[in-house]
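Chemist: Spelled out from the first residue to the last, the chains are:
2 protein chains.
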Amino acid sequence: MIELPNKSPLYLQVRDQIVAGIAAGDWPVGDALPSEFELAQKLGVSQGTVRKGLDALVAEGVLIRRQGIGTFIADAPDAWGSAELLDTYGVALTTVIELLACSRVHASDEVAAALGLRRGIQVYSIKRLIRVGADAFGVEEICVPSDQFEGLDARRIKQAGGNPRGVFLKQFGLRLLEGTPRLRTVLAEREVARLLQLEVDFPLLESIRVAQTLDGRKIEWSRLLCRTDRYAYRPNCDA
Amino acid sequence: MIELPNKSPLYLQVRDQIVAGIAAGDWPVGDALPSEFELAQKLGVSQGTVRKGLDALVAEGVLIRRQGIGTFIADAPDAWGSAELLDTYGVALTTVIELLACSRVHASDEVAAALGLRRGIQVYSIKRLIRVGADAFGVEEICVPSDQFEGLDARRIKQAGGNPRGVFLKQFGLRLLEGTPRLRTVLAEREVARLLQLEVDFPLLESIRVAQTLDGRKIEWSRLLCRTDRYAYRPNCDA
DNA sequence: GAGTGGTCTAGACCACAAA
DNA sequence: TTGTGGTCTAGACCACTCA
Chain A
1 MIELPNKSPL YLQVRDQIVA GIAAGDWPVG DALPSEFELA QKLGVSQGTV RKGLDALVAE
61 GVLIRRQGIG TFIADAPDAW GSAELLDTYG VALTTVIELL ACSRVHASDE VAAALGLRRG
121 IQVYSIKRLI RVGADAFGVE EICVPSDQFE GLDARRIKQA GGNPRGVFLK QFGLRLLEGT
181 PRLRTVLAER EVARLLQLEV DFPLLESIRV AQTLDGRKIE WSRLLCRTDR YAYRPNCDA
Chain B
1001 MIELPNKSPL YLQVRDQIVA GIAAGDWPVG DALPSEFELA QKLGVSQGTV RKGLDALVAE
1061 GVLIRRQGIG TFIADAPDAW GSAELLDTYG VALTTVIELL ACSRVHASDE VAAALGLRRG
1121 IQVYSIKRLI RVGADAFGVE EICVPSDQFE GLDARRIKQA GGNPRGVFLK QFGLRLLEGT
1181 PRLRTVLAER EVARLLQLEV DFPLLESIRV AQTLDGRKIE WSRLLCRTDR YAYRPNCDA
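Here the protein sequences come in this chain order: A and B.
When the count follows my numbering, it moves up by one through the first sequence with no breaks and lands on 239 for the last residue.
When the count follows my numbering, it moves up by one through the second sequence with no breaks and lands on 1239 for the last residue.
Since the hints were made in silico from the structure, they are not lab data.
Check before you lean on any hint, since a few could be wrong.
[Stated by the list, open to error] 20 Å max Cα-Cα, derived EDC-like pairs, lysine to aspartate or glutamate: (1) K1127/B to D1087/B; (2) K52/A to E1060/B; (3) K1052/B to E60/A; (4) K1042/B to D1078/B; (5) K52/A to D1055/B; (6) K218/A to D55/A; (7) K127/A to E140/A; (8) K1052/B to E110/A; (9) K1158/B to E1036/B; (10) K218/A to D135/A; (11) K52/A to E1036/B.
These numbers were taken from a predicted model, which means no experiment stands behind them.
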């Protein structure tokens, strides 16, 4: 291990080295890391210390361990995938996501405040429709600062299966960790009502989350508006 | 360690031994466990293994470690305490809880189904009002099977500072772990509207959670109904 | 100084998956 | 059979708290 006058425990330094390696693209998504013993030798620590360092990243969903095989870089799960949708009897339902638009707009005051940006700065706004069967369940808007994701567009997102997180990770090298949602009930405005085929003022559930990078920069704001008359929403917040 | 033909790793067996010890009341709330080395000797394993066994319980909030001092049995946090309440600008607010009632009733079908009980069996129903300042923010109902908590009443809950979880733990030896909430928007019915000083059909946020014991028995159903026009609710689900 | 949690090592062995 | 993750040990030292 490179010996800096660093007070933090060795295993955290190991963690940071791995994070740096991932950010530098040493191991693309799906690749295996060197084995725990190799890493230990390379970093000059014992296998147990490497293991403890990797534990945190496994817990954060960045790495996936497979016994007998290796430790792999995890793919970026869809933000919506971190939630569950249940019918009125508690049975989980599967959803389909439809990309509606990806455009460059001025950040609303709310988004700018949540991400610590200057008011009115440019952000990419990604809108998606979430369906369960033929039913429109909710609409989601994702905002990210445009200067960090130059050239983001609908085509790229569609190529990644409609998953913006996949693009953020593979094209821009940024992995995001979900924050805890802020929940409110709101009444449907015109555009949302139209998309969900509901009347205006239909009561909806609003879930707002801010996601951050591995090193703690808040970088993605998202809002889900969904109907909960036929379904229940379970957010699965770990963060 | 008592050698049963047990396939599970030693550190999980250690965890289970500690859980059993806690359930048996070996160490009341606030007490220190024996030191890691003492436990290691007593159970015939190494300190590292004991440590790993305790890690899980610390993560679950059952134990609290204090460096240089010892490892302690954690108190039962109030169920409501696992959530946060924010104003419209994201600033956290403090709440006051008022116990409304504790009564013995027949379980609704919904509660019975969620807890795996026979329909119509008796449960204790605890109702509480959550205030922020002078404002009524929400009402909460907690249901637990009456046969597990014989003699529960408002007096006992008040003695524990209005925290039912404290009573469950200290009087009945049961520690509960919070589950992930199921969320819906609902319209206020008459009684709830009256308690919250809102008109009937005011849109509210409903959060339903099931909590379980350390060994996985679902034992507590709770429903929070709250207004989110002035506040945002952040559930903090770990489970 | 004594006792606690917290970290680290070197080496061992097991469980599992693949060639 | 080989290489991987997964567990465990014995012993060492550090960091912190308290008497």
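Chemist: Hint by hint, where does the structure go against what was stated? Just the numbers, ascending.
Modeler: 1, 4, 6, 8, 9, 10
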